[in-house]
Amino acid sequence: MSEIKPTLKQRFDRWMIRHGRVLVIGLPYLWLFLFFLVPFLIVLKISFATAEYAQPPYSALFQWVDEGVNVAINFGNYLFLLSDSLYITAYLNSIRIAAISTVITLLIGYPMAYGIARAKGSTRNLLLMLVILPFWTSFLIRVYAWIGILDREGLINAALMGMHIISEPLIMRQTEFAVYIGIVYTYLPFMILPLYSTLEKMDGSLLEAALDLGCKPWKAFLKITLPLSMPGVLAGSLLVFIPAVGEFVIPELLGGPNTLMIGRTLWNEFFSNRDWPIASSVAIAMLIFLVVPIMYFQHIQGKTEEAGK
Amino acid sequence: MSQGANQQEARECVQSSQPWNDPDAVPFIRFEKVTKKFGDFYAVDDVSLDIYRHELFALLGGSGCGKTTLLRMLAGFEELTDGKIFIDGVDMAGVPPYERPTNMMFQSYALFPHMSVETNVAFGLHQDGYSKSEIKDRVADMLALVQMSKFAKRKPHQLSGGQRQRVALARSLVKQPKVLLLDEPLGALDKKLREQTQFELVNIQEKLGTTFVMVTHDQEEAMTMASRIAVMNEGVIKQKGTPFELYEYPNSRFTANFLGQVNLIEGTLVDDDEKYAIIRSDDIGGDIYIDHAVQGHEGTTLWVALRPERLRLCTEKPEDSAHNCFGGKVEEIGYLGGLSTYHVRLDSGLRIKVSEPNTHRHNEPRYTWEDRVWVTWETGSASVLNQ
Amino acid sequence: MSGKRSIFLTSALCFGFAFLYVPILLVIIYSFNEGKLVTVWAGFSTKWYVELFQDDGMIDAAWNSLRIGVMSATLALAIGTPAGLVMSRFGRFKTRTMFSGMIAAPLVMPDVITGLSLLLLFVTMEQLIGWPEGRGMTTIVIAHTTFCAAYVAVVIQSRLAGMDSSIEEAAMDLGAKPTKIFFLITLPMILPALMAGWLLSFTLSLDDLVISSFVAGPGSTTLPMKVFSSVRLGVSPEINALATLIIVAISILIIIASILVMRSERQRSRQIQDDPGIVG
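Residue numbers (numbering that gives the first Met the number 0), protein chains in the order written: chain C, 0 to 308; chain B, 0 to 386; chain G, 0 to 279.
No more than 27 Å apart at the CA atoms, straight line, and that leaves these computed lysine-lysine pairs for DSS-like:
#1 B:K154 to G:K179
#2 G:K179 to C:K8
#3 B:K190 to B:K154
#4 B:K152 to G:K176
Counterexamples of contact, computed for chain G against chain B with all Cβ distances above 10 Å:
#5 A61
#6 G100
#7 R158
Derived CB-CB ranges, DEER-like:
#8 C:R95 to G:A248: 30 to 40 Å
#9 G:M97 to C:T49: 26 to 36 Å
#10 G:V69 to B:G61: 48 to 58 Å
#11 G:V69 to B:V235: 58 to 68 Å
#12 B:D217 to G:S5: 38 to 48 Å
Hints listed in this document are in silico derivations from the structure and should not be mistaken for laboratory results. Virtual Cβ for every residue (Gly too), placed ideally from N, Cα, C.
Based on the sequences and whatever the hints tell you, model everything.
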């Protein structure tokens, strides 16, 4: 029979329960706080600094001078971003390219997700695995694969010229078109998976009820399936759109020198120009634009998490 | 099993001695002004309740009435917002579930899917550090008790629903808890199996003498199994008592409605004497004669509760019908095999439900649609409710 | 009626899968091409594989990547698992919104931002506390652990959300203390998710180019960094060979893992679907 008075061990255990909870929350909390949240504050801070030939190559914001702190906030970086059309073009380009790619991905991904959700048992698992498999294989290699296909001396040109359809090679790589292909290709699984999971959860009898009530199949799809799959559409679109805006590898490898995207600009500012403050202000400017979609994404994540309960 | 015999005696003793009627009896479980709030919502609101040793106590109510929250507070899964819970005289405040003398049988059974039947049942004993041989014996005994010895090596997913229910029961009983908590113990079983299992559970309880506290939404299940029932609604206990008390002497329209079928007739108290009372009802179109005094002022609104099986139907107006006899027409007939229910539209417009047993096989139905009938009852059959 | 629809869906699936797989297949095929040109098939050969294995820079980078991958995935599991547990089992606490934000945001955050911000953090930390000294494997592992932990948390959380929490309550009711419950009940039940989380982290780490480039130092070149600098110059048969090896290795790993997960899923769903009515 259990004790009435708590023993020392029981007291320790109870302490562990009360504080163990804090420990379990604390470890991931601290890690993410230190390595995810704090870095943004530092980026923000450095975006207000001036570039210097020093190690590290930026000026200090706060300096201890004789009487107190000397604050040197420099808005110059942001003014520079606004005044140079290169940055504005890069921003608008990124958003346009990301948006168009997202729409294309959705148009290809939706019927695929729907087809998989409608498939039976083992076929469905196989199809699902086929979608997930490329997602696991290297991103870089998947982009790389298209170089060989789209290149001036690539497979498409070789094939078309071999069949005498064209006499001059088509310029496909180093165009915006190639960037669209690259983004759609690499991000397609991110669109299909959330779409699939909403479509799969959907009660099939809803569609049967609509048909039973005299709705034509196509209309039933528009009125029932599509609205109910909106959470999946949104989640998938955000999963494609947000990272695509900041994409670096795809425009670098498949796009031409004129395909300006903001991620690429940041990379160049950092690695080629070694201008850390400008790179930071580019990052902050990108983040300001992405904050709303990111928070919206988090909101959707939270909702599906609650629906799962 | 002399101990078992003793306990069986103890249990019979409980049924006959009725400790709840004895002011000197010491309750085994005591809820003292227990309140549980989730945000602004009162799941349990100032509940006080005593449960005695060897009882099979049922908390009965619809979904969201607070019965499960009350049970979970007893098990230690929910903290009390206010009030106290005592088990065997010990205040349970701050005692975590794994140190309480209670064990619970979950609605979903919550069997550990990665362990065999045997390991599931042994789990609790392992936590208490019993020796291997003792664990083995006790698990074997328990599996024999619930007739699951054959399936000891199986995994939960290889069992049927009824078998899983038995394993869950064995697992929660093997530690010989002071109190066994059952959350809708038969909710996942189909009707036939449920009825059979009800009696098995009662038999096991009688054999072991453990105090059972059970949560259910099924009034038949509660009445079949429980020594006493507490009917709950919106976080409060509306009434508690033996099944007989609750059915025959409901204290409110809620309990009367919740347990079995009832006709409720609204009326006004017009005459209250020491030996009788008269309630005038416009709904029924006349006076209702009650054979006992009603505590209340004349002019107050009251409700008369009439069970369908206590009403009689006749084709001719009975001669000795000074009281409680109202004419009407048969509107609906429901043939249920053992009995038939008739819905009679009285001349006043009130619809009343009457049920009659079908005692003979070859009898023609006594009444048919649109038949002119008289509804009557004995003056002692009605209960009068003031809320 | 449904015929037309299924033809449409089938062709959409065929087109989609062709789109996904043809480029990869071409890479694999051309890795066995004798000639150096991508377009001309000059006969079957494995000479590029031989060349690949003699490329010390490539081997070193691959070794670095594998070590970083194993360390990051293991650490990510240690941090992501409690995070997933907190999200699905701990109910509300004061700064939960911020916590869930810090888990959801890394999933979509553009790599360039994450990379830059982590680099600046490491530089600042070095200035302030002298650690980490310079950049290298350690900083890459920390960076990878951070975004992988978010993925692990999501995987664990969704697994736990599908698990009846009364199973853990039952263990507690039978006398097991919270730590014991985690190791005896929760852990075995989320084992497939842990495996999936580890694998996912491992491949994400193995795959990362941008973040590594920011936080890497001399001597900590990873395989993607090496591949990237070579690919920038154009297609090379050696990279085709490497790509083929990676694809084959990962595919085998994933197929084995999914078969294992599917088997345990099937067991689980059978257990749920079993009708209580059918008495054995």
